[in-house]
Amino acid sequence: MTKDFNIDDISNLASIHLEEKEKLKLQKDLEIVLEHVDALKNIDVKDEKIDIHPLSKILDLREDESTPSLSHEDAMKNSPETKDGHFVVPPSIE
Amino acid sequence: MNRNIPSISKLNNLFLDKELKPSELFEQVYENASFTESILHAHLELFHDEGLENSKKSDERFLKGESLGKLDGIPIAIKDNINVYGYKTTCSSKMLSNYVSPYDATVIGMLKETGSTFTGKTNLDEFAMGSSTENSAYGPTKNPWNPDYVPGGSSGGSAAVVSAGSAVASLGSDTGGSIRQPASFCGVVGFKPTYGTVSRFGLIAFASSLDQIGPITNTVDDARIIFDNIQGYDPKDATSIKPQYTEPKNKKLKIGIIKELMQEGVSEDSQNEVNKVTQLLENSGHEVLETSLPLTEMALSVYYLIAPAECSANLSRFDGVRFGLREPASGSYEMMNKTRAVGFGEEVKKRILLGTYALSAGYFDEYYGRALKVRSKIISDFQKAFDDFDFLISPTTPSPAFKFGEKTENPLEMYLSDLCTIPANLAGLPAISIPTGLSDNNMPLSIQLMGKPCSDYSLLDLAESIEDMVSFNHLPKITKGDNES
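So the protein sequences, as listed, match chains A and B. In terms of the working numbering, the first sequence opens at residue 1 and continues consecutively. In terms of the working numbering, the second sequence opens at residue 95 and continues consecutively.
Please keep in mind that the hints were generated in silico from the structure rather than gathered at the bench. Here a beta-carbon is modelled for each residue, glycine too, at the ideal position from N, C-alpha and C. Mixed in with the good hints, there may be bad ones.
Facing chain A, a subset of chain B residues (Cβ under 8 Å, in silico) [claimed, not checked]:
1) Gly159
2) Ser161
3) Leu162
4) Tyr289
5) Arg416
6) Met430
7) Asn431
8) Pro505
9) Leu506
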């Protein structure tokens with residue numbers, strides 16, 4: 001199951017830059033965990049359904065009504081950089 | 095310092111009888127915190143001024159005979175992954191070192207209504223990922239019983255402050271045992287309520303289908319009082335339920351010992367505590383029998399696919415754009431990659447990578463999908479067990495507290511310390527850890543009880559009767575070493 005595990009591909013997917021030394025340690029640790037979870041393949045789950053809520057609750061949706069919420073200013077307060085009420089990010093297109 | 099803190103009910107009586115003022119109690123626990131913090135590092139931030147101010151408002155209410163109830167004037171510590179308006183919520187991560195919450199979590203709003211005061215925010219494993227508090231970006235918390243030992247995790251700070259008397263009670267969060275395991279290691283009570291009974295709104299999400307807020311306290315009754323004041327349906331949490339609490343049919347209870355948690359891999363110390371309590375329960379007229387839940391042995395594997403998968407999705411919000419750390423870079427993608435590289439610690443990265451892999455194209459069915467199906471089978475196993483038994487009993491942890499660095503080399507060694515607690519999270523069950531004894535090296539030992547969904551109050555009743563029978567009345571002796579000032 002672990003033969004295709006490629007730390008570079010996964011860190012790229014997860015948007016986390018890893019140093020070479022870090023890669024070696026994480027690859028080793030993750031292989032240990034993946035080998036352990038391999039035991040699940042021996043369980044017959046053919047007819048099993050998936051429940052997202054552990055109590056099989058059907059999730060309620062709130063009424064589609066406007067209720068008091070955070071102010072625009074409060075919602076932006078923790079941003080590293082803002083301008084004119086917008087989040088500022090470095091260029092996305094080069 | 096005076097570590098001997100009375101129960102919440104007794105404190106309330108002292109306030110009502112004008113024998114003690116809430117502000118005097120607040121100063122007492124603050125003094126305890128001031129004495130122990132340099133040794134334990136359990137609080138990340140202390141709220142002295144606001145806490146004292148609020149406790150003086152409690153003084154006034156008791157003076158006028160207008161007390162708000164049992165929690166009025168009770169100092170409670172809050173795990174630093176629960177939002178308190180106007181204060182930092184760091185999750186013990188560099189990623190959120192400057193994040194100041196613009197709102198209260200639902201449980202915080204509910205506690206404010208009760209008139210309780212907050213001592214401060216407590217240390218945890220980064221983003222609640224860990225079993226020892228060694229993963230905090232701000233340094234580990236130490237165990238009040240012996241600072242060479244871990245306090246457990248991830249709510250290690252919340253357990254240590256109660257054990258050390260620097261708060262009367264605390265809130266923790268439990269995704270795979272993060273309330274019960276540290277409570278066990280620190281010799282206090284830790285209660286994880288039924289999933290959905292306590293709102294998760296304002297708790298920084300780790301694994302949403304498993305996370306649950308709950309109390310860590312000195313007594314079972316204290317846990318009941320806090321639970322009573324924080325439970326209830328919350329429209330802001332889509333997984334919140336409208337609980338209909340259940341009672342067992344008979345006074346004479348039928349209790350099952352989970353066989354798979356009483357075998358190799360679980361220490362003799364931990365097994366002995368269960369046997370000791372079993373004997374006491376039988377002496378009181380309850381029936382205790384061994385029962386088998388074979389898939390319990392798969393719970394760790396299921397957990398270490400579902401929790402990382404959910405964590406990788408939940409933690410994708412930390413990208414340097416809307417809140418938290420941002421590392422300078424010339425482009426957006428480079429900025430996100432660098433921010434997440436610097437902001438997250440090793441364990442968090444490990445779980446995000448594991449979860450990303452389990453959810454990636456071509457592996458979803460093999461890993462996450464399969465884990466969800468085995469989880470459904472585990473839930474069915476518990477449902478069947480509760481057809482025969484009112485409650486289940488097991489050790490809380492496979493061993494008492496371990497030393498710092500003892501389990502950091504191999505991730506599985508650390509993960510196995512949640513062996514006994516994870517099943518209750520997977521099945522959404524209420525579960526409680528209560529201290530029952532001390533090991534040969536004077537570290538706390540405990541047992542765990544689990545109940546069917548929404549049996550929370552009757553589970554607490556049983557735990558309280560065991561607490562009475564066991565009479566665990568030991569306290570840690572916290573002394574400053576040569577290096578402490």
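Worksheet item: Taking the closest Cβ pair, is B/Gly159 under 8 Å from chain A?
Response: It is violated, given that the least Cβ distance between B/Gly159 and chain A is near 34 Å, above 8 Å.
Fill in: Supplied contact hint for B/Pro505, tested at 8 Å Cβ to chain A
holds, 5 Å
Worksheet item: Close enough to count: is the Cβ of B/Arg416 nearer than 8 Å to one in chain A?
Response: At 5 Å from the nearest chain A Cβ, B/Arg416 passes the 8 Å test, so the hint holds.
Item to complete: Double-check B/Tyr289 for me: the hint is only fine if its C-beta lies closer than 8 Å to a C-beta in chain A.
Response: holds, 5 Å
Item to complete: Using Cβ atoms only, decide whether B/Leu506 comes closer than 8 Å to chain A, and label the hint accordingly.
Response: holds, 6 Å
Worksheet item: Does the CB of B/Asn431 sit less than 8 Å away from some CB of chain A?
Response: With a closest approach of 4 Å, the B/Asn431 hint holds.
Fill in: chain A contact restraint for B/Met430 - C-beta distance below 8 Å
Nearest chain A Cβ about 5 Å off; hint holds.
Item to complete: Could you check if B/Leu162 really has its C-beta closer than 8 Å to a C-beta on chain A?
Response: Result: violated, 24 Å to nearest chain A Cβ.
Worksheet item: Does B/Ser161 pass the interface check with chain A, least Cβ-Cβ distance below 8 Å?
Response: violated, 30 Å
Violation of the numbered hints given earlier is confined to hints 1, 2 and 3; the remaining hints are satisfied by the structure.
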